[in-house]
Each structure stands twice: as structure tokens, then as C-alpha cells.
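Trainee: Residue numbers (the working numbering), protein chains in the order written: chain D, 376 to 770; chain Z, 376 to 770.
Hints listed in this document are in silico derivations from the structure and should not be mistaken for laboratory results.
There could be a bad hint or two in this list.
[Claimed, not checked] Here are the simulated DSS-like pairs of lysine-lysine, each with C-alpha atoms no more than 27 Å apart in a straight line:
| no. | chain 1 | residue 1 | chain 2 | residue 2 |
| --- | --- | --- | --- | --- |
| 1 | D | Lys440 | Z | Lys715 |
| 2 | Z | Lys403 | D | Lys723 |
| 3 | D | Lys465 | Z | Lys723 |
| 4 | D | Lys723 | Z | Lys498 |
| 5 | Z | Lys500 | D | Lys763 |
| 6 | D | Lys723 | Z | Lys453 |
| 7 | D | Lys498 | D | Lys453 |
Protein chains: 2
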Amino acid sequence: MFTLKNIDGGVCAATGFYADGIAIGLKKEGALDIAFIYSDSLCVNASVFTTNKMTAAPIRHFRQKENFQGNFVLINSKNANAMTGPAGIKDIDEVLFRVQEAFPQIQNPVMSSTGVIGVRLPKAKIIEGALNFDLTHRDGVSASEAIMTTDTFSKRIAFEVTLENGTSFCIGAMAKGAGMINPAMATMLCFITTDALVDKATMQGILDECTRTTFNAASVDGDTSTNDTVLVMANGQSGAFDADAFKEALWTIMLFLAKEMVRDGEGATKLVTYKVTGATDDHEAEVAAKALSNSLLVKTALFGQDPNWGRIASTVGASGVMCDEETLSIWFDDVCVYQKGDLLFDEKLEPFAAAVMQKPAFTIHCDIGQGEGNFIAYGCDLGHEYVKINADYRT
Amino acid sequence: MFTLKNIDGGVCAATGFYADGIAIGLKKEGALDIAFIYSDSLCVNASVFTTNKMTAAPIRHFRQKENFQGNFVLINSKNANAMTGPAGIKDIDEVLFRVQEAFPQIQNPVMSSTGVIGVRLPKAKIIEGALNFDLTHRDGVSASEAIMTTDTFSKRIAFEVTLENGTSFCIGAMAKGAGMINPAMATMLCFITTDALVDKATMQGILDECTRTTFNAASVDGDTSTNDTVLVMANGQSGAFDADAFKEALWTIMLFLAKEMVRDGEGATKLVTYKVTGATDDHEAEVAAKALSNSLLVKTALFGQDPNWGRIASTVGASGVMCDEETLSIWFDDVCVYQKGDLLFDEKLEPFAAAVMQKPAFTIHCDIGQGEGNFIAYGCDLGHEYVKINADYRT
Chain D
376 MFTLKNIDGG VCAATGFYAD GIAIGLKKEG ALDIAFIYSD SLCVNASVFT TNKMTAAPIR
436 HFRQKENFQG NFVLINSKNA NAMTGPAGIK DIDEVLFRVQ EAFPQIQNPV MSSTGVIGVR
496 LPKAKIIEGA LNFDLTHRDG VSASEAIMTT DTFSKRIAFE VTLENGTSFC IGAMAKGAGM
556 INPAMATMLC FITTDALVDK ATMQGILDEC TRTTFNAASV DGDTSTNDTV LVMANGQSGA
616 FDADAFKEAL WTIMLFLAKE MVRDGEGATK LVTYKVTGAT DDHEAEVAAK ALSNSLLVKT
676 ALFGQDPNWG RIASTVGASG VMCDEETLSI WFDDVCVYQK GDLLFDEKLE PFAAAVMQKP
736 AFTIHCDIGQ GEGNFIAYGC DLGHEYVKIN ADYRT
Chain Z
376 MFTLKNIDGG VCAATGFYAD GIAIGLKKEG ALDIAFIYSD SLCVNASVFT TNKMTAAPIR
436 HFRQKENFQG NFVLINSKNA NAMTGPAGIK DIDEVLFRVQ EAFPQIQNPV MSSTGVIGVR
496 LPKAKIIEGA LNFDLTHRDG VSASEAIMTT DTFSKRIAFE VTLENGTSFC IGAMAKGAGM
556 INPAMATMLC FITTDALVDK ATMQGILDEC TRTTFNAASV DGDTSTNDTV LVMANGQSGA
616 FDADAFKEAL WTIMLFLAKE MVRDGEGATK LVTYKVTGAT DDHEAEVAAK ALSNSLLVKT
676 ALFGQDPNWG RIASTVGASG VMCDEETLSI WFDDVCVYQK GDLLFDEKLE PFAAAVMQKP
736 AFTIHCDIGQ GEGNFIAYGC DLGHEYVKIN ADYRT
């Protein structure tokens, strides 16, 4: 038995962690644009990165260090440092060398970036800015704001986890999302800090397990970024740990942030949960659920608040999973619009289905009627705002 | 040796074929909404249908007849007769029975439908309308207009093929596209008629071969319809045939119609050719090319006329094909913006790249630098009009 208690502080909630965000002029109008996370003792870490083969420089840089303990992450927005080749990695080395020079307490620092692809890092600006960091600040709010790109709100959460024996640890997180969000891997940037006393292998195992049903189940646009990163840092300062409790807390945090990211997807007005049951196996359920969350025709129907269930059926059929119109059933929340060949949708039912579509969050449930496979995916609608944001992203 | 000569007439170009489109009130404002194609002698046929497992009733009905010779196709727009179960097939039988009763010269008629999914066919209206068909009409223009849904222009083409021995045959076609257009199969409706003297097996083989690089290479929105159909009818009346000439004519017709469909994609303002070279094999090239033509971020950048080459690179990387930023090169028409790790894109180059993006049709070429695999795919941009059309398609 254990209890989770929601607390403030984000990535600074756990003992020994510090963070802040400052403005150095990468974003317009003095918005916060670089952040740090610092722990006053060394951390083990677990990580999940993008499966995009054009992996960004910060991820390549991180992977060169494999199996290190460190205590500092520098994060910048507006520039992804992707497609920048060996020079991009050298840029990171230079930035981090200068930061370590100024702050000798920093060990094995790493970097994380998000923004435009294919432009060299504004090194001088970032170094100059980072020298102004105050490592005694514990401002999880500013840190979470500094890593935003097209996000419209910052995303953070923290829990205090109390174990049966009375000991407790904290786990906190921040994330950014908005675009290039695709369910095929851990997308976006997410930083999780904890003072739990956990070894690297255990933590990596738990992170991998949680990723599939949280970040990997979330989609904004089906596009897979070059920079996706989930990084968990554990400094052990609480002395407490329990694998089940840690997993529950981590999963809850990751699911919350995944859903927040979808809710704040570029131009999104709706958070839709795609629940697929009755597939031949869990993998087929996942394929169907992700096909739904990525279908342009489904997404635009959501935007139009149109209970166009035919597009749901067509998308399941097109996804390649075993299915048949005589065994398929479809619900909008608890309104069944199609049941195993019965065209239930008529003028009487339409207002009920339409009322569901008008909600800011609802569930589309497809029972495929072929087996026991289940999966839940999270998606949003696609409206004019998405087109507007992405038609002139660079400007 | 053989020559292809572009001629008028669409599906009526070949000897013995008749067609027309009439208005029966399925569409608003008296627009043409049902069409027929009739041959005054029996035809062998070849076909490619959707791979969507929620196959529409007309396709299931067609497949029940396997290996038949017929001479009549009835086509309606506004209603897809999909997700309508066994009742949907009975509706077709009833419609065609009544049509055959009125026109005894019709043998083995089939039906094809396009429109909203999940609504029973307006049988009575269609029967009443079809009884007004005049099977002596040769109006390929009206027929091609009657099958349009969100298409903004009708699509047809015909060739006279003259062989080395002086004999000749004709091959004509019409198609509709606009939405639910996905490169994973022959999408949309396309009807091709010919008086070439060809057997079913030969024609099916040639059709399958041509499909991969034409309709299967075209994408509007990555959504796969329940009704996609390509049907070729050959009545043999010319007495002439040559496999190479037939294939060349068929491929030219199918590529033309595929590109026309993309150019007229819902809300599209641009026709973009994605040329992928240097993949490890042709299949990997196809995967990368189709990933590009389906990426929302690429499509919205096209709409914004933004030469955001980083999204091209990221999409290739995310597609899963073997690739590396050190071997990749990217061109917009003949403007090279990224070459094997060199960030060529700067303020001097940007106006040249931007000028390409402003053209109504251009080529994005990615050389992956890994092998000899090639593929060309066709896609369009995604703008506000797509969102508008699909947010309230049913109304």
C-alpha cells in the first residue's frame, strides 16, 4: 500500500533539485527561453529518445556519455540543433564546457533542445545567458515556461509518494509538446526528477513500461520529431523506494503530461480518448487506436463537431487490423451509434451524439468484436489554427 | 513501335461505348449525380479495389460475380453504400434488377458508389432516375461530372493507340477523387473503357502493374476510402491489341488521372512530386516518398509556401527507412537546400527556394545516399479549405 499526494513544485518538488527559466532573447518579447535543472548531488538517469533516424545533436551527445551520473540539464527552445551534424555536437560541448567553468559544482552536464530544425545553435547567446543562471533557484514554473514552443500553457506535475513503512519520496516533472507529436515513440521533451533511491536499471525498466501507454499513446499530428526526449533523474536523497509505488506515480505523471500535451496540441480544441476493445490482440488494438488518432478525416470531423461515425469505421477498416462491419460497434461516450451491422444513427440519435462531440473531452469507443485486445490512445482535432501555426512556423 | 494520340470522348472514346450523367436530386441545385457506362457488346474486365476491410457494398457485390462478362455500370454519388451490411448488397440487386427489366440489352450490370458512409442507398430515387437513362447517349463529359463529390473539376482522358501494323484501338477514362485519397492502394473511383482486343488475365496483370506507380503513388490526406475502385472494361471491338502499347496508354491515363486527383485534392493549391532516390531499395524509397506526401507538417509548410527543409529531413528520418544526415541531400526543383551534412540554406539561398514553393507544381527531391532505390509519389498541400470541407462534410 502507498499513497500519492499531488504537490506543487514541478521538477523542484523532489529534495535537492533546483530549476529556473530565464529570457535571453531567443523568443520574441522577452519570453523565457532557456532553463536548467540542477541536483545538489549526482543522479542516476533513465531516458527514452525519438526513433527518428535524423536524431538531433543533443540526443547523440547524450548517447555518447552512456552510463554516466550527472546533475545538470540545460534546455533551450527555438532551436532544435537537429540536422547540424558533428558541428551540432561540438556546439553542445562548447556551451557545456563554458557553463561548467562558471559553475564548478556541475558534473556531467547534458543539453536538450527544441525548435527549428537545420539551424546552428546560437552558442554565444546561450553561453552568455547560462552564466546568469542562479543554481539556488527553485522555480519549476519558470523552467516549464522556458521550454515551451507553440504550447499555449506550461505543463508540470508532482507527487509525494508515501510508502506503507512511513517513508516517502517525491517525483516531479515538466514537459512541452504542441507539434511534431506522434504516437510511435516517446515524443516531445519531458523532464522528471525524483529523490527516490532507485538504481538505473530498475528506473529504465519502469520508464520503458510506462512509455507505451502514455506518451506513445498520444498524437497531435502523426509527425515524429528529431528531438523527442524523456529524461528521469533520481538523486536518491529521500532514501525511500518501492517499485510499485514508483511505477504508479511515474505512470500517473506521464499519462497526465501526455494528455495535457494532446489537449494543448497545435490548434486543438478537443482531447479525444480512443478506446479500442475486442481486437484480436493488444497490438492490433494499438494499431487501430493510433490510426483513429491520426486520421485527418476523423480529426477534421472532430473539429466540425460532426458525429460522422462512418469515418471512424472506415479508418478502422483501413488500418489493416482484423475487423468486419458485422462485429464492429461504435460509441461516442455512452451513445452507441453503430452496433454489429445495425445502423443505429438516425435523426433521433443524432442530437445525443452531437452533444458528445461538443464536449471539450470525450471518448470514442470501438469494439472490434474479434478478440480480447485493448488499447487506449489520445488525440485531438485538427482545425484552422493548426494550419495557421504550421503554414508559417519559421516566421 | 506505336503512337498515342490524345482524343476527346473520355469513356465514350472507344468504339461501342456509351455513357451519360443525369440529375436525380441526390446533389443540391440540380447537379448531375448518377451516371452509366454501357457497351453494345459484352466486355471482359479488370479491377482494383480498396484494401479497406470495411469494403463497401458495391465492391462486395462486384466480387460475388467474379469472372463475368457484362456491359453496364451504374454509378451514383452522394452515398457510398458502405457499412450497410447485407441490406446494402440487396439494395444493389434490387436497383440493378429494375434497370435490367427496363433495358433488356443490359447484361451482368454492376454498380459503383461514392459519398457518405453508413446511410442506406436512396433506392427508389436511383431506380426512378435510372429508368430515364438513354443508352444511345455518348456524353463522357456529363458522366464524369455526375461522379464528382468534392472534386472541383471533372477528370477524363482518352487516347487512340495506333500500332506498327496500322491497326488501332482506343482507351478512355474518367475518375473522381478529392478526399479519402491515400497511397496505400488504388483509391477513388476510376472507370476505363477500351475497344482493344485483350483477355482478362493480361489486362488485370497490366492494371496491377500500372497501379503501384500511379494511383497508389497519389495521396491527398492519407485516408483510405471504403469504396475505391478502378474498373477497366474491354469490348474488343477494334480487333487490335499490343501489350506494350496498351500498357503505355493505360499507365499514361492512370498517371494523368492520379495527378489530376491530387491537384484537385480537397483544398489543395499545389501538386507536389516527391522524388526519392538513393534509398536502399525501391520499397524503402516508396516508404519515404509516401511519408513525405502524407506528413501534416510538410503539407502545411507547402500551404504556407515555406521552404522548411528541416521538416522534409525529419519526415524521412521518422519514416523508418535507412538514412543518415551525412548522406541525405534535398532539392526544391533544382535548388539544393541541404547536401550531405552541409547546411546550404541561408539568406542568399532562401529567395530561390521560396520562389519554387510559390509555383503551383514543383518537385521535392530527396537523395538518401544509401543505395539505388527510387520512387516517385504525388501529394498536395493542406490548407484551411481542407479543414473547412471536412469539418462539415455531411451538411
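Trainee: If a hint holds in the structure, say so; if it doesn't, say that too.
Mentor: Results of checking the hints against the structure:
no.	hint	in the structure
1	D:Lys440 x Z:Lys715	holds (26 Å)
2	Z:Lys403 x D:Lys723	holds (24 Å)
3	D:Lys465 x Z:Lys723	holds (26 Å)
4	D:Lys723 x Z:Lys498	holds (22 Å)
5	Z:Lys500 x D:Lys763	violated (42 Å)
6	D:Lys723 x Z:Lys453	holds (22 Å)
7	D:Lys498 x D:Lys453	holds (13 Å)
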